[in-house]
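Place chain B on chain A using the hints.
Number of protein chains: 2
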Amino acid sequence: MTELKNDLFLRACLREDVERTPVWMMRQAGRYLAEYRATRARAGGFLNLCRSPELCSEVTLQPIDILDADAAILFSDILVVPEAMGMELTFGVGEGPKFPDPITCLADVEKLPIPDPMVELKYVMDAVSTIRRDLNGRVPLIGFAGSPWTLATYMVEGGGSKNFSKVKAMAFNEPATMHLLLEKLADSVAAYLNGQIASGAQAVQIFDTWGGILTTRDYNEFSLQYMKRIVEQLTRTSEGRRVPVILYTKGGMGWLEAIADTGCDVVGLDWSIDIDVAKARIGHKVALQGNMDPTMLYAKPERIRAEVKDILARFGHGNGHVFNLGHGITPDVPPQHAIEFFKAVREESVRYHG
Amino acid sequence: MTELKNDLFLRACLREDVERTPVWMMRQAGRYLAEYRATRARAGGFLNLCRSPELCSEVTLQPIDILDADAAILFSDILVVPEAMGMELTFGVGEGPKFPDPITCLADVEKLPIPDPMVELKYVMDAVSTIRRDLNGRVPLIGFAGSPWTLATYMVEGGGSKNFSKVKAMAFNEPATMHLLLEKLADSVAAYLNGQIASGAQAVQIFDTWGGILTTRDYNEFSLQYMKRIVEQLTRTSEGRRVPVILYTKGGMGWLEAIADTGCDVVGLDWSIDIDVAKARIGHKVALQGNMDPTMLYAKPERIRAEVKDILARFGHGNGHVFNLGHGITPDVPPQHAIEFFKAVREESVRYHG
Chain A
66 MTELKNDLFL RACLREDVER TPVWMMRQAG RYLAEYRATR ARAGGFLNLC
116 RSPELCSEVT LQPIDILDAD AAILFSDILV VPEAMGMELT FGVGEGPKFP
166 DPITCLADVE KLPIPDPMVE LKYVMDAVST IRRDLNGRVP LIGFAGSPWT
216 LATYMVEGGG SKNFSKVKAM AFNEPATMHL LLEKLADSVA AYLNGQIASG
266 AQAVQIFDTW GGILTTRDYN EFSLQYMKRI VEQLTRTSEG RRVPVILYTK
316 GGMGWLEAIA DTGCDVVGLD WSIDIDVAKA RIGHKVALQG NMDPTMLYAK
366 PERIRAEVKD ILARFGHGNG HVFNLGHGIT PDVPPQHAIE FFKAVREESV
416 RYHG
Chain B
66 MTELKNDLFL RACLREDVER TPVWMMRQAG RYLAEYRATR ARAGGFLNLC
116 RSPELCSEVT LQPIDILDAD AAILFSDILV VPEAMGMELT FGVGEGPKFP
166 DPITCLADVE KLPIPDPMVE LKYVMDAVST IRRDLNGRVP LIGFAGSPWT
216 LATYMVEGGG SKNFSKVKAM AFNEPATMHL LLEKLADSVA AYLNGQIASG
266 AQAVQIFDTW GGILTTRDYN EFSLQYMKRI VEQLTRTSEG RRVPVILYTK
316 GGMGWLEAIA DTGCDVVGLD WSIDIDVAKA RIGHKVALQG NMDPTMLYAK
366 PERIRAEVKD ILARFGHGNG HVFNLGHGIT PDVPPQHAIE FFKAVREESV
416 RYHG
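If you read the sequences in order, they're chains A and B.
Here the numbering used here is used: the first residue of the first sequence is 66, the next is one more, and so on.
Here the numbering used here is used: the first residue of the second sequence is 66, the next is one more, and so on.
Just chain A, with the same shape it has in the complex (with noise of 0.2 Å):
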């Protein structure tokens, strides 16, 4: 095993003594880069991208050289989970994802199969080991997984949606149905992200991207309760350290007191709430991770520092923060921001510490 010669994503991860504020950034493997943009060209197109451990890892490092981030983190999508239960996926290009033949029934769940990741998935674990070999202990490998409620809402739906009337349809309509989808759902990302632990990933992030379109009572009956049983269900020791757990629920800034008593280590922030009162509320039971606006990288780089600034002075002294973005980086961003980004974390996150 290579050491980590960079592990200050993993410390601030579980509140240890840090020297700054570590910084990544979701999506930073991603169409924003001319370099991402060539890999995908060469390898035909994104799902082929996804299926290639070796162009997984081209991608996935291209942030650590380019930006200096603190955590790599797997590139690949969170649909790939439904393709190996069964589904066909498709990505026209220039448009989202698709299922052509979704969910819809009681039938159609049942026959779902919960798929082994060392089988099924075997490319994405793959990718993981390859992508730990050509990092060689730089910094440490996220691995992640969509939402069990998340991956619901594409899967009914047949992709991407406006609505979600037939994903929310199916929830109030026929509750047994979508539980029954959850619950499968919920062990096949457990399973799955076990095997990302296994073949290499340090932490793990759940990206609960659609979360925040339910009320309260549905987001903790169709969502949170799922994300909790695959919290309970992860290996949380691996190479002899702790494996990071990451909720992020998108919208879901009404429920942070909720999702950090999942059992997980990390509540990710969007940026519509600011950290100082995520952490009064929160208390210190967990790390945060968040949260400056993605669209704050459209402002010229001395209004990036200025927000930097503002967000590490409201967090404060103390430990347990993870710089990030809200939610992903935009693809029209010019790459010169994210790196000025990054850059200010690193500077200006030093008087916090130590």
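Just so you know, the hints here were simulated from the structure itself, not pulled from any lab data.
Watch out, some of these pointers could steer you wrong.
Just so you know, same-sequence chains aren't split out, so a pair can sit in one copy or run between any two.
[What the hints assert, rightly or not] Below, in silico cross-link-like pairs of lysine-lysine (DSS-like), each with a Cα-Cα straight-line distance of 25 Å or less:
1. LYS163 / LYS374
2. LYS227 / LYS365
3. LYS231 / LYS365
4. LYS293 / LYS365
5. LYS231 / LYS374
6. LYS70 / LYS408
7. LYS344 / LYS374
8. LYS293 / LYS249
9. LYS231 / LYS249
10. LYS163 / LYS227
11. LYS187 / LYS163
12. LYS344 / LYS227
13. LYS176 / LYS231
14. LYS163 / LYS249
Remember, it's a predicted structure, so these values are computed and weren't measured experimentally.
Chain B only, in chain A's frame:
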């Protein structure tokens, strides 16, 4: 002046005694109704419909007949204000609104006039007085406008947006330009709403559809202070009665206390917060409007009724609740579900009053 036969809505807005909880619904005159689609087809498109006072009145009254709604809301579009400021506005078939020549710089903002609602928006004023004539005192008429920030997003982006990159870049990089735009919009909207009140609107609602994409500090700086500037300019008494002002920020549930402090009478809630939690946070300063998940209307009528009962029970006894959805009804809802929703509120709310 015709006496109001049903003034439950106005009384609830002012936290006065009512016999049952009044109910209306955002976008209640809209595409889910075949009657609306027929009138729009006769008008020859959406903007033609907005410009015809007689046809506006026709569609405004449809949900009063069909749903027995306790309030009518002017049929119009928030973007008629920027259009009256000289910006060309188009609605392609099946497309969202477009401003082909968006605001890009200070010079663009400087040349924008504050429109005289009695001149450039006379067709809206005529619609208001026509609707009042046709309502003949059945229920009160609500006027409305978009918030300055929400209008600015369309004017700078040139239409709807996914990432709001242009309007955020202007706010972050050219704050003086953005503030001049928002000042002009606030004063235009205030004059426009006062025109609606003078023409017969008995309450007004400001729709801040895109306030929720901002951080707390940016919401205060770019959205809330300009809604407050409008509230401070509004005519608050007309025809011998107080004219309630409703503020609704979608995604603004983190800022309810600040919204309630603007001087408005009613805070509109989206569905991401339980109404009992909102009531506990705000106290008895204002009435609350909301807040059923609009997608609950995809559920079967018995499930809709259970949700109505839950929300009524959470609000509990006491005055100051206007039942509504947390956002507009979506076009593919079966009208019968909306009818059952209104019926459920009328029947189930009696136990909490008198």
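Within a copy, between copies, both or neither: where do LYS227 and LYS365 come within 25 Å Cα-Cα?
between (32 Å within a copy, 21 Å between copies)
Treating 25 Å as the Cα threshold, decide for LYS344 and LYS374: within, between, both or neither.
Within one copy only: 17 Å inside a chain, 35 Å across chains, cut-off 25 Å.
Measure nothing new, just compare the shortest in-copy and cross-copy C-alpha distances for LYS187 and LYS163 to 25 Å and report within, between, both or neither.
within (22 Å within a copy, 47 Å between copies)
Up to 25 Å between alpha-carbons, please classify LYS231 paired with LYS365: within, between, both or neither.
between (42 Å within a copy, 13 Å between copies)
Checking LYS231 and LYS249: alpha-carbon separation at most 25 Å within a copy, between copies, both or neither?
within (19 Å within a copy, 42 Å between copies)
Checking LYS293 and LYS365: alpha-carbon separation at most 25 Å within a copy, between copies, both or neither?
neither (40 Å within a copy, 29 Å between copies)
Give the relationship of LYS163 and LYS227 under a CA distance limit of 25 Å: within one copy only, between copies only, both, or neither.
Cα proximity of LYS163 and LYS227: in one copy and across copies (14 Å, 19 Å).
Homo-oligomer pair classification [LYS231, LYS176; C-alpha up to 25 Å]:
So LYS176 and LYS231 pass the 25 Å test inside one copy only (19 Å; across, 46 Å).
Is it within, between, both, or neither for LYS293 and LYS249, if the alpha carbons may be no more than 25 Å apart?
within (14 Å within a copy, 49 Å between copies)
Between the shortest in-copy and the shortest cross-copy C-alpha distance, which are at most 25 Å for LYS163 and LYS374: within, between, both, or neither?
Neither: 41 Å inside a chain and 37 Å across chains, both beyond 25 Å.
Go through the copies and call it for LYS163 and LYS249: within, between, both or neither, with a Cα cutoff of 25 Å.
For LYS163 and LYS249, only the intra-copy Cα distance (20 Å) is at most 25 Å; the inter-copy one is 44 Å.
For the identical chains here, do LYS344 and LYS227 meet the 25 Å Cα criterion within one copy, between copies, both, or neither?
Neither, since 32 Å and 29 Å both go past 25 Å.
Consistency note: the structure conflicts with the earlier hints numbered 1, 4 and 12.
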